[in-house]
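Student: Sequential numbering from 1 applies to the sequence shown in UniProt numbering.
Take the hints with a grain of salt, since some may be wrong.
Between beta-carbon pairs, the in silico distance windows are [unchecked claim]:
hint: 1; residue 1: P46; residue 2: E131; range: 48 to 54 Å
hint: 2; residue 1: E136; residue 2: Q170; range: 20 to 26 Å
hint: 3; residue 1: L147; residue 2: G19; range: 23 to 29 Å
hint: 4; residue 1: R152; residue 2: P46; range: 37 to 43 Å
Simulated from the structure, these hints should not be mistaken for laboratory data.
C-beta atoms are modelled at their ideal positions from N, C-alpha and C, and glycine is treated no differently.
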Amino acid sequence: MLEHVRAHAPVRTSDVAAGLGLHSNTVREHLDALVDLGLVERATEPAVGRGRPAALYRPSPADPTLLARDYAGLATALAGHLARTSADPERDARAAGVEWGRELIEGSARSDGDQRKAVLDALTRLGFAPEDEGAERGVALRRCPLLEAARRYPAVVCQVHLGIVEGLLQSIDAPTGPGLDLIPFAEPGACRLFLPDPVVRSRD
Numbered sequence: 001m002l003e004h005v006r007a008h009a010p011v012r013t014s015d016v017a018a019g020l021g022l023h024s025n026t027v028r029e030h031l032d033a034l035v036d037l038g039l040v041e042r043a044t045e046p047a048v049g050r051g052r053p054a055a056l057y058r059p060s061p062a063d064p065t066l067l068a069r070d071y072a073g074l075a076t077a078l079a080g081h082l083a084r085t086s087a088d089p090e091r092d093a094r095a096a097g098v099e100w101g102r103e104l105i106e107g108s109a110r111s112d113g114d115q116r117k118a119v120l121d122a123l124t125r126l127g128f129a130p131e132d133e134g135a136e137r138g139v140a141l142r143r144c145p146l147l148e149a150a151r152r153y154p155a156v157v158c159q160v161h162l163g164i165v166e167g168l169l170q171s172i173d174a175p176t177g178p179g180l181d182l183i184p185f186a187e188p189g190a191c192r193l194f195l196p197d198p199v200v201r202s203r204d
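Work out the full structure, taking the sequences as your base and the hints as a guide.
Tutor: Take a look at the structure:
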């Protein structure tokens, strides 16, 4: 949600809700949490006619060290909120991840032909430390950028991560059907990611 605000600021609650496919009340709570953390600033839209002016949100400057710490805490809080309030938290978490993943691969990587490398490079930038071990064993994700949140709410956070991969694949016109799977905490120190069959074969 913070990335959406950064990309489209200034935004209203309704803008974010429409862009991310979430309920306005849920978006408002999350935006208020970002304001409380100092990551987003809230202002009032100039009044036009009758009715209450809408709130506008835009990103605010923040210390990078505090940002990383607060972002992890915020991710845990948002995962908990989604787990408690959503009728289908896994579906909603994955949908949010898909939205995020679609924006992560830059234009040059979309068309260079090496789809698998593009996905792994994006996961590396996100901090997952992926190790490609082939079609049978898949990709070992050696680090989790949201480990605390994933341990507390694995059904939510891990679905966000699977959605990110699905969004990455969609953005480069790669298949996203059968074969795409993420096994959380599959072994000590790693989760296992499996990509759909046509993506498993790196191009020579």
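Student: Hint by hint, say whether it matches the structure.
Tutor: Going down the list of hints, with the structure as the test:
Between P46 and E131 the CB atoms are about 53 Å apart, so this pair conforms to the stated range of 48 to 54 Å. Checking the proposed 20 to 26 Å range against E136 and Q170 shows it holds: the Cβ atoms sit about 25 Å from each other. For the pair L147 and G19, the beta carbons lie near 28 Å from each other, so the given range of 23 to 29 Å is met. In this structure, R152 and P46 meet the distance hint of 37 to 43 Å, their C-beta atoms being roughly 42 Å apart.
In this structure, every one of the numbered hints holds.
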